[in-house]
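Please arrange chain D on chain V, whose structure you already have, making use of the hints.
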Amino acid sequence: MAGPVQASHLAPLLEVRGLAFDYGGVQAVQDCSFDVSNGGITALIGGNGAGKTTSVLSVSGARRARKGHIRFDGADILGLPAHEVVERGLALVPEGRLVFEQLSVHENLLIAGHTARSRRRLKDNLDYVYDRFPRLQERRQQNAGSLSGGEQQMLAIGRGLMTSPKLLILDEPSLGLSPILVSTIFRLIRDLHNDGISILLVEQNLHQALAIADYAYVLEKGRVVQSGTGHELLNDPKVKEAYLGVA
Amino acid sequence: MTLFLQTTLNGLMLGGIYALAAVGFSLIFGVIGIVNLTHGVFVIAGAYLALLFYTELGLDPLLSMLPVGALLFAVGWVYQRTIIDWAISRASVEASLVVTFGMAMILRNLLQLWFGPDVQTITPFYSFFSISLGPFRVDMVRLVALGSSMVLLLGLTLLLARTHFGRAMRAVAQQPLAAALSGLNVKRIHAMTFGVSAALAGASGAIIGIVQPFSAASEVAWTLNAFMVVVLGGVGSPAGALVGGLLLGLINSYTAQYFGPALTQAAMFLVLVLMLLLRPTGLLGNPYGESR
Numbered sequence: 001m002a003g004p005v006q007a008s009h010l011a012p013l014l015e016v017r018g019l020a021f022d023y024g025g026v027q028a029v030q031d032c033s034f035d036v037s038n039g040g041i042t043a044l045i046g047g048n049g050a051g052k053t054t055s056v057l058s059v060s061g062a063r064r065a066r067k068g069h070i071r072f073d074g075a076d077i078l079g080l081p082a083h084e085v086v087e088r089g090l091a092l093v094p095e096g097r098l099v100f101e102q103l104s105v106h107e108n109l110l111i112a113g114h115t116a117r118s119r120r121r122l123k124d125n126l127d128y129v130y131d132r133f134p135r136l137q138e139r140r141q142q143n144a145g146s147l148s149g150g151e152q153q154m155l156a157i158g159r160g161l162m163t164s165p166k167l168l169i170l171d172e173p174s175l176g177l178s179p180i181l182v183s184t185i186f187r188l189i190r191d192l193h194n195d196g197i198s199i200l201l202v203e204q205n206l207h208q209a210l211a212i213a214d215y216a217y218v219l220e221k222g223r224v225v226q227s228g229t230g231h232e233l234l235n236d237p238k239v240k241e242a243y244l245g246v247a
Numbered sequence: 001m002t003l004f005l006q007t008t009l010n011g012l013m014l015g016g017i018y019a020l021a022a023v024g025f026s027l028i029f030g031v032i033g034i035v036n037l038t039h040g041v042f043v044i045a046g047a048y049l050a051l052l053f054y055t056e057l058g059l060d061p062l063l064s065m066l067p068v069g070a071l072l073f074a075v076g077w078v079y080q081r082t083i084i085d086w087a088i089s090r091a092s093v094e095a096s097l098v099v100t101f102g103m104a105m106i107l108r109n110l111l112q113l114w115f116g117p118d119v120q121t122i123t124p125f126y127s128f129f130s131i132s133l134g135p136f137r138v139d140m141v142r143l144v145a146l147g148s149s150m151v152l153l154l155g156l157t158l159l160l161a162r163t164h165f166g167r168a169m170r171a172v173a174q175q176p177l178a179a180a181l182s183g184l185n186v187k188r189i190h191a192m193t194f195g196v197s198a199a200l201a202g203a204s205g206a207i208i209g210i211v212q213p214f215s216a217a218s219e220v221a222w223t224l225n226a227f228m229v230v231v232l233g234g235v236g237s238p239a240g241a242l243v244g245g246l247l248l249g250l251i252n253s254y255t256a257q258y259f260g261p262a263l264t265q266a267a268m269f270l271v272l273v274l275m276l277l278l279r280p281t282g283l284l285g286n287p288y289g290e291s292r
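If you read the protein sequences in the order shown, they are chains V and D. Here our numbering is used: the first residue of the first sequence is 1, the next is one more, and so on. Here our numbering is used: the first residue of the second sequence is 1, the next is one more, and so on.
With the rest of the complex left out, here is chain V (with noise of 0.2 Å):
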């Protein structure tokens, strides 16, 4: 592959060139390079294993990548602890959720809206999440823990949000989750896209994530195979037949 090629005419927000981290030894990214293009829906896709994961923790400072480059929002990134990298405007909703789960739904948006970055919007993003997840509103005094799953996985979004992001990274939001459920999570991923957050979405339902997203990236053992729009993937025989089930 000659480079990615650009998701859309804007100057992309992230940068990803040449990624390459192992866990001891064992190579789970290797040379990964793709954008995230500034107001669009960028999908990251592929089986289990691929490296996607381990991307997006390099990219939010979480890991600490062994070799590459990543610039977001104009400014180089990589070997900024995580907490830095939250203050540039990056956050990323973790796989698994994470909630802590002996905190309140209300404790668990305010440790994330104590950033530097979005201390003075406090008040506004309270209102925010709590007017786009009327459930958590409802819940807010009660412990994460005691959440069913879909509501966890919108506080984990929420808590992301009170950051006052510019890229929203969503890692693996609609896993474990009722059909019903990954829709509604779907319809919002649009809504904050709508709302002007940019989104890059970590998925392994490939339907759904290829439907939304303007632009998306095939990842296989730790390097991008295939990209493409969302579209042209969806009817792309080779990813058909590897991820979609169709022959």
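Calculated from the structure, these hints are not laboratory results. Heads up, the beta-carbon is just placed ideally off N, CA and C, and yes, glycines get one too.
Not the full set, but computed from the structure, chain D residues with beta-carbon under 10 Å of chain V:
hint	residue
1	A173
2	Q175
3	L181
Simulated pairs of lysine-lysine, DSSO-like, Cα-Cα distance not exceeding 27 Å:
hint	chain 1	residue 1	chain 2	residue 2
4	V	K221	V	K238
5	V	K240	V	K221
6	D	K187	V	K166
7	V	K67	V	K221
8	V	K166	V	K123
9	V	K67	D	K187
These stretches of chain V come out as covered by chain D in the derived footprint (C-beta under 8 Å, 3 or more residues):
hint	segment
10	78-92
11	95-107
Frame of chain V; chain D shown alone:
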């Protein structure tokens, strides 16, 4: 009956001090997952500092809790930022056990070198006052010590429940990765936690100095006490430390009264073993989540 109630009263007062001396140990274990075997040194260092403030400046030990706490906060912060962090990042959280054990030995001997091996006490003017409540007698110092312990434990509870720093400590305890992704500087929170823990230990040392004789060698007993309190009460919350501390105080006091002072250690260990067998999470469980 009067004897029993008097023994209970003594036990509870002693227990309040145990609770304060242990709460920092419990905090570090709950938030960072480290068994800090240097904890007793912080307690005894606090007692020595209070003694210095008293003999050199005439500062009352209860007032000296503030400067002693501040000094030990700094010590705890630096300790975590250097030795503890090096041990964890180069080896593992478990490795810190050996490191804190070694540091405790070094620091105990340094204290002995500076202050001598003699047993010390701090004796402010109210040391010999006592109050009579009907048939019961309460030593003034113990009452004051218990009161100070309660105030500090309440303060810590409010800090944890009501402030951003407190919420941050709880969040880091439960989900360090998500905490970092939410914009918390996890390393900084760890250092602050060590600082707060050492400050509370130092403050308890200032109190212990007026209630009990101490020497550098007694740091071992205070680390052990802290460990017991955590096993009895559960990890990570001031309430757990309070319950564990009071229980330990009662066990001590009853054993000393009814079976002889020589058996207090044996009784403590017996209860420790029973507790680990029957309810390993402690009476109040682990309010910081079962992530560890």
